[in-house]
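Protein chains in written order, with UniProt numbering: chain A, 1 to 261; chain B, 1 to 261.
Treat each hint with caution, since some may be false.
[As the list claims (entries may be wrong)] Below, in silico cross-link-like pairs of lysine-lysine (BS3-like), each with a Cα-Cα straight-line distance of 27 Å or less:
| no. | chain 1 | residue 1 | chain 2 | residue 2 |
| --- | --- | --- | --- | --- |
| 1 | A | 197 | B | 197 |
| 2 | A | 19 | A | 9 |
| 3 | A | 142 | B | 197 |
| 4 | A | 147 | B | 197 |
| 5 | B | 9 | A | 197 |
| 6 | B | 147 | B | 246 |
| 7 | B | 246 | A | 246 |
| 8 | A | 9 | A | 147 |
| 9 | A | 19 | A | 246 |
| 10 | B | 19 | B | 197 |
| 11 | B | 19 | B | 9 |
Honestly, the hints are just simulated from the structure, not real lab data.
Below are the chains, spelled out letter by letter.
Number of protein chains: 2
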Amino acid sequence: MGRTLSYPKRASNTVNRYKHRATYDLGAIHSIVNSSQVLHVSFNPGPEDPFPTILPMIGQMGSFEFPSASIDEPLECYLHGYVSSRIMNLARHCEGDGLPICIATSKVDGIVLSLTPNSHSYNYRSVVLHGYANLVTNEEEKLWAMKLITNSVLTDRWDNSRVPPDSAEMSSTVILKVTVVDGSGKIRDGSSSDERKDTENDDVTRSVWTGVVPVWEQYGTPIANSTNRVTEIPDHITSFIANQNKENRALAENASGAKLQ
Amino acid sequence: MGRTLSYPKRASNTVNRYKHRATYDLGAIHSIVNSSQVLHVSFNPGPEDPFPTILPMIGQMGSFEFPSASIDEPLECYLHGYVSSRIMNLARHCEGDGLPICIATSKVDGIVLSLTPNSHSYNYRSVVLHGYANLVTNEEEKLWAMKLITNSVLTDRWDNSRVPPDSAEMSSTVILKVTVVDGSGKIRDGSSSDERKDTENDDVTRSVWTGVVPVWEQYGTPIANSTNRVTEIPDHITSFIANQNKENRALAENASGAKLQ
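Pulled out of the complex, with its shape left as it was, chain A reads as follows:
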């Protein structure tokens, strides 16, 4: 039942190492992006600079044109930034399809400890997207994207803060819309694995512990600002923390092979 949409495989996004860990499915890739606190965005500053550079940015996949689109349908990536930052100036003045950028994110789910350093690994979920970035000029789309991005940082925060933004806030914020050209993801889960030369060596297997140490993003007790006047921590915050901690931990432990024990 149902179709599965995939990103096209181009030379630039085809995974050649550990191919069995690769995914091109839109759903898997978009989910990893949307659960990332930070995206690393790479671009070339200009012909005089030999180095590409990277900015940490906050962003989300979404569709303004089809807001009800689900996670496994074609989506754009919206990135949040400051009006006069270099990447925004480059995107504002570039010609053609837009500023060519790369967006990457990686989440570590566990440290995979095997018999020998060569077989050590992480359990992880990583994504690389290539696409063309342009400034969002439609004010309605910009406001929609600002809400999307704010709520990605903490669920329902937009409606639980002072909105809408005033005109100064609207003009100091710039949203980049990235039309994705290709994308790939890589997912590693499960326990450690080793080569026979080590698994059949009693001296080695008797002395080296193997398995996975799960790791996840743990949210702690909120610490109020000294000027805060809302005495009880609101439900949208406590729910977010409880849900995230439960989901993050379960994901890391399941990836570690906990279900197999």
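Given chain A, work out where chain B should sit, using these hints.
Okay, now just chain B, sitting in the frame of chain A:
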């Protein structure tokens, strides 16, 4: 007392937005890199491809020439990879100083919740380095870097696994050595801040909770491989987990302003 070494400010690494959060100190920058599980490394695949790309890699700052160098002294960045990966082939065949790359990492320490979305932020520590990457050809230096990188993933793991690597393992692993040209870091900590237009608005301050939700990398209980024969989890693993959890949590809570309460 003492000197503080800084990276030179070039156009490519000078922070223009939130300048007060910027650091160019080697010690601060190297510490953030060395506490990162993953580094995002950007390079240009070639003239036919308009997009820079990003690889997630494992790496560490260190000095093979002066192994006792402390964290605030000049260090190279060593990155671990597979022999035939694209970045390694580009570095192997490039001319001049080496392959121009950018290394970035960001660690989120808390979600900063202010009165209005525009003032929301993260507490974070981020670094961007630019430099030239070359393959390490000295076998002694390569082995030293492999140990450095393995132990960065889990303290003392190298000596608690089957070492040294055999010749097949040595030849399938490639280490990139990055000579850093410039670098910058950005650190945001403390509680939320808002503009007077909101802090003086009673309707807003009575309804919106402000403060910080700390977040950190939490390590869980190790999950043994079904083939593991070491019944007790070794001390180097349990110590690492206990230390990391304590340090990570304290850092996130202190950054959130916990000490001020």
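Tell me the hint numbers this structure goes against, listed in increasing order.
1, 5, 8, 9
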